[in-house]
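2 protein chains.
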Amino acid sequence: MTNPVVQKVNPMLTEERAKASFPVEELTYILDGGKFNTEKRREIEELVTKDPNFEHPPIQFMTREQQYSLAVKKALLVQQRLKELDMLDDPYASYFFRRIAMPREVSPIGLHWVMFVPTLMGQCSDEQRERWLQRALNYEIIGTYAQTEMGHGTFLRGIETTATYDPSSQQFVLHSPTTTSIKWWPGGLGKTCNYAVVVAQLHTQGRCHGVHMFLVQLRDESTHRSLPGVVCGDIGPKMGYHTIDNGFLQLNSVRIPRENMLMRNAEVQPDGTYVRRVSNEKLTYGTMVFVRSLIVSDAARGISEAATIAVRYACVRRQGEPSSPGAPEPRLLDYPVHQYRLLTCVANCYGLWFASEVLRDLYFTVQPDVLEGRTERLPETHALSAGLKAVGSNRGAACVEECRRCCGGFGFSEASGLPKIYNDINPACTYEGENTVMLLQTGRHLLKCVERARRGEQLAPSDAYIRSRPTPQPKLAGGPLTADLLLCWLRWRSLSMLLEVSGRFNSFIEQRQAWADAFQAVSRRLTRCAEAHCILYVGQAFLDSAKAAENPKICGVLTSLCRLFLLNEVVSGAGDVQLSRSDLARCQDAIDSLLTELRPNAVALVEAFDLPDRMLCSVIGRYDGQVYEAMLQWARQSPLNATDVHESYELYTRQFLAGRSLAKL
Amino acid sequence: MTNPVVQKVNPMLTEERAKASFPVEELTYILDGGKFNTEKRREIEELVTKDPNFEHPPIQFMTREQQYSLAVKKALLVQQRLKELDMLDDPYASYFFRRIAMPREVSPIGLHWVMFVPTLMGQCSDEQRERWLQRALNYEIIGTYAQTEMGHGTFLRGIETTATYDPSSQQFVLHSPTTTSIKWWPGGLGKTCNYAVVVAQLHTQGRCHGVHMFLVQLRDESTHRSLPGVVCGDIGPKMGYHTIDNGFLQLNSVRIPRENMLMRNAEVQPDGTYVRRVSNEKLTYGTMVFVRSLIVSDAARGISEAATIAVRYACVRRQGEPSSPGAPEPRLLDYPVHQYRLLTCVANCYGLWFASEVLRDLYFTVQPDVLEGRTERLPETHALSAGLKAVGSNRGAACVEECRRCCGGFGFSEASGLPKIYNDINPACTYEGENTVMLLQTGRHLLKCVERARRGEQLAPSDAYIRSRPTPQPKLAGGPLTADLLLCWLRWRSLSMLLEVSGRFNSFIEQRQAWADAFQAVSRRLTRCAEAHCILYVGQAFLDSAKAAENPKICGVLTSLCRLFLLNEVVSGAGDVQLSRSDLARCQDAIDSLLTELRPNAVALVEAFDLPDRMLCSVIGRYDGQVYEAMLQWARQSPLNATDVHESYELYTRQFLAGRSLAKL
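Protein sequences appear in the order of chains A and B.
Here the UniProt record's numbering is used: the first residue of the first sequence is 1, the next is one more, and so on.
Here the UniProt record's numbering is used: the first residue of the second sequence is 1, the next is one more, and so on.
For the record, the hints were derived by calculation from the structure and aren't laboratory data.
In this text, a Cβ means the ideal position worked out from N, Cα and C, and glycines have one as well.
Do not take every clue at face value.
[What the hints assert, rightly or not] One side of the interface only, derived from the structure: several residues of chain A facing chain B at Cβ under 7 Å:
#1 35
#2 66
#3 419
#4 491
#5 492
[Unchecked claim] Listing some non-contacts, in silico: residues in chain A with all C-beta distances to chain B over 12 Å:
#6 24
#7 125
#8 612
#9 643
#10 653
With the rest of the complex left out, here is chain A:
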């Protein structure tokens, strides 16, 4: 534990911690990917925690403008420190440094290193790289990536912004022809950045050549004033993400040099001739897969934070009828319903955590092949990453919200830190591919797999269970409800759902419906197939990781948690698994038993994530469990408490209570 025990720890939490049946520290090493990583992470967390530059009052009491301003300062400070510490080239170190320095505070310059720099790396000609990349890496300029428009999201070809080449001046004219063409959402675009890569339709010699990328300077490098023709600003407050200036950009015939088109894959020559170069578009798929694996792992991290808070709180919160007169009220965690709500969230968290690792490993396995042109496993990888992105972010949001509600009223207070976690992981359901669109991409792949199975072709490992004909349902027959059997059921469910949809799809095609229409006609059910397929993958990843644990105690507790995950899926999808009443009842019994078995490890399972108080920012999820004193201290800082009598009293209430008319105010 990195948490220095400065206060007396609540004995109720100490008691729960003593119940752990396994060495928590060893599970932390597994989650971090090794003891070395754990130690490194803790060193970094220590560095930031000791640095007075990162200290400030709770941001929940600040206005959005104050939060933004502070985030700019901290984000720049992080970069400076990383450079001083020579950590810029260490992604693991810089990730954890950022995370602890700005816990759940989205960085206003985040898109600079997530999108701007990588785009320059991937899309610039060698000459362009030399000119811009070093300036970007040195932070002489700060950039963002402007693709999404007010009226255009997922469908890239719908982009309306134009870049029209003018050979007489050898310039491109960047223009937003309509309101719907205004760039909308890019992070840091509103106030922070002075450059942007702008995606626009390229027009030259009277022809449109589709979307290309252009480097556009937005603001003066010495005054930061927006340049002529550039209208940009903040898009206004959102449900979360208060620290970042997601922005808009309207371009009114802004001229940029010809050389500012990113020319690795295509070029407009001085006379306006368009030349496309051979490119490996599959490469960008790889990046997408990687980013999506990060979204899945971020969803798991979100649940880990929320569950740590909610489980600790459930240990110290007493509520309800005492079991005998004079006894204290029971703890929340004593209630089976509460155990169920929290432990299924913990199980989802571990499942997604391990699945994201398997997906990331798959990326690292497949990517070198792709670079050498062997793209056989690309469809599987792509389909899995799309579906897992959707399932992961949906589950992430649902579990965080469940943990939040498990904390009753306090879960509604910003003091708990939970609203912020929800609002922070929630947008992942929409960005980087809206979840329904993602599931349909997976669904489309699954339909193809059935077709290929029918032709006797070999399928990729995670698709290998797919057949062109139904298989008999695996029977319980009085045997134990092992994780392997439960996985067989989920595999059978996934296949039987898919075959039904595929059959329906084929009947539409036979009725001479257009492919797109037939696809739409089965789309609703296909999203369910995609979910079932991805859940199966998560379950398999979970079980494999559990079995891989060397310590038998850790292996045991993870296997039980995995069974809880699988049983919960089987029971909630019991109609599709075609469970009999007696099998269903046995599954419910097994869930009840697992709750009793896992309860003593509830705290240990969340504390294995080793999240310091500084990261949780939660009054009720503190390591020391002293929630009530902390709650009072926190509330006293509310700006409304700055004075005993609020100004609204003098302005309105006094007149009103005296029976005087307010209209005269």
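On the provided structure of chain A, position chain B as indicated by the hints.
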């Protein structure tokens, strides 16, 4: 429509409106409870809309403190206007006046008329009424109701605040002995109110007589300063409810006259003798039932607002691959998955709307009986209201969130109005009885019903389907999937789930487990039974209301929507309904058909709720459908856009870009 068409209406919306198969206005009358009510409501909405006193900039751009201050002003102004208009005694009129004047802005004085005044009415002796009630009704004082403590919610007997009688001074000493005993959450307690009814443990003559109520003055009537010994303030920012000062109250040996104990049901005499009077405690059950019916209807109203926004936006938002080259992108509402997501929310909305009406009618039927001591139907009413409160608020939150996500990125922007609706209806899952606790109350009643059925006793109407033995499952047998058949399935599901749990419960009792332990052992499954029971009730109320519509076209569309509701329940609970694969497939086919059938009425079904723009406060849900221009106008008002160059540039970014160290700042 009350919306004045000032702008040109987006032709895509006009087109959708023309598709309605039924007279929308007539459905509005049904929802309002008659044409008279609709007209009255519109008159009131007109009154407020025309009143310049209620005009102000969008509150999303204000700080929480500004939002609170404005809410105080508006809440007081509403009271003043209601008085001037002589509407104070008309609950319908004042409800709609408040709603349109403060759309989803929780009132800082709300608890004055929801809890403070009714408590004085119900708990005061006649003499006390005379002294305080008129002052409260005249708003010479503003009060709140302080029961919940930092460490004590649902379990009333756990309250720690003490009221100790001192016969020498004939005063009560009100005291908060611990941090956990600090009153926490009461609305308006922080800054707005000057009085509170405080719930405390009464001690006199060395004995504790349990919780009683006391009128405590908090603030000076002329200066509003908090009185000696009173420490109160705001509890800090929350996920929503920014306009209200939920507060805390720490009482340090605060003395109040003996006469300030509310003495209708019990009295402490001058010498300290405690006298309890006969009281009808069942009466308070009635109020609880009524309040819970309001929560259900508020959940329906929340969905109606979110669905109106999301359905309109789905008509004007184009997204995705065009069906043929050159064609415009399809509208969101053209996608079956999107139709499914939105129309099931609309179906839930109507279901809950009608169920809340049936529940309210039940209250009005039963309440006179209760007042005369006939309490036979009280258990049924109480169990239904508890369960429907939970199911309604859960569904309400889930559907609003689904509508929000259906709007993609814009659903995350405060411009959509959707985050506010979610944050506003969400706390209903916790307050007035946490939802799990509520479901267990219903579940406990259902267990008793099985017992009574076994003894051959007659059950109340909504419980009458409960038997002590399983019944055969109603078969589809190739017939049509009518709403009545679907209801039979849901009835069968509810009964079979309940009998299984009841059997398990009885086996625990036979094994000599304590009642409370046996109850906890089945509690998780019992909450599922309670949900199934309530969903059945919603479905029945929906179908009855659909059939009651006189206009056959309205009856037709409501019946179809009801079937969608029922099919969705059957399919998602298919395991418990024990559907065969072929029946399940037929249900899925029926859902697809219904989506196609209902799609042309999607706009009409939400516009029947007749929600004016002023109430929706949504840039993307506007009546005129001109969302993009409005979005740009809205964003320009963001405080971050007050200057072209934000101050953080001068403070931090300039130095950073120049390579200077930030630590020196």
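Status of each hint after checking the structure:
1. 35: violated, 33 Å
2. 66: With Cβ-Cβ at 9 Å, over 7 Å, it is violated.
3. 419: Check passed: Cβ of residue 419 (chain A) comes within 4 Å of chain B, closer than 7 Å.
4. 491: violated, 16 Å
5. 492: violated, 12 Å
6. 24: holds, 27 Å
7. 125: holds, 25 Å
8. 612: Per Cβ check, residue 612 (chain A) is outside 12 Å of chain B; nearest 22 Å; holds.
9. 643: Label violated. Min Cβ-Cβ 9 Å, cutoff 12 Å.
10. 653: violated, 6 Å
This entry does not satisfy hints 1, 2, 4, 5, 9, 10, going by the numbered hints stated previously.
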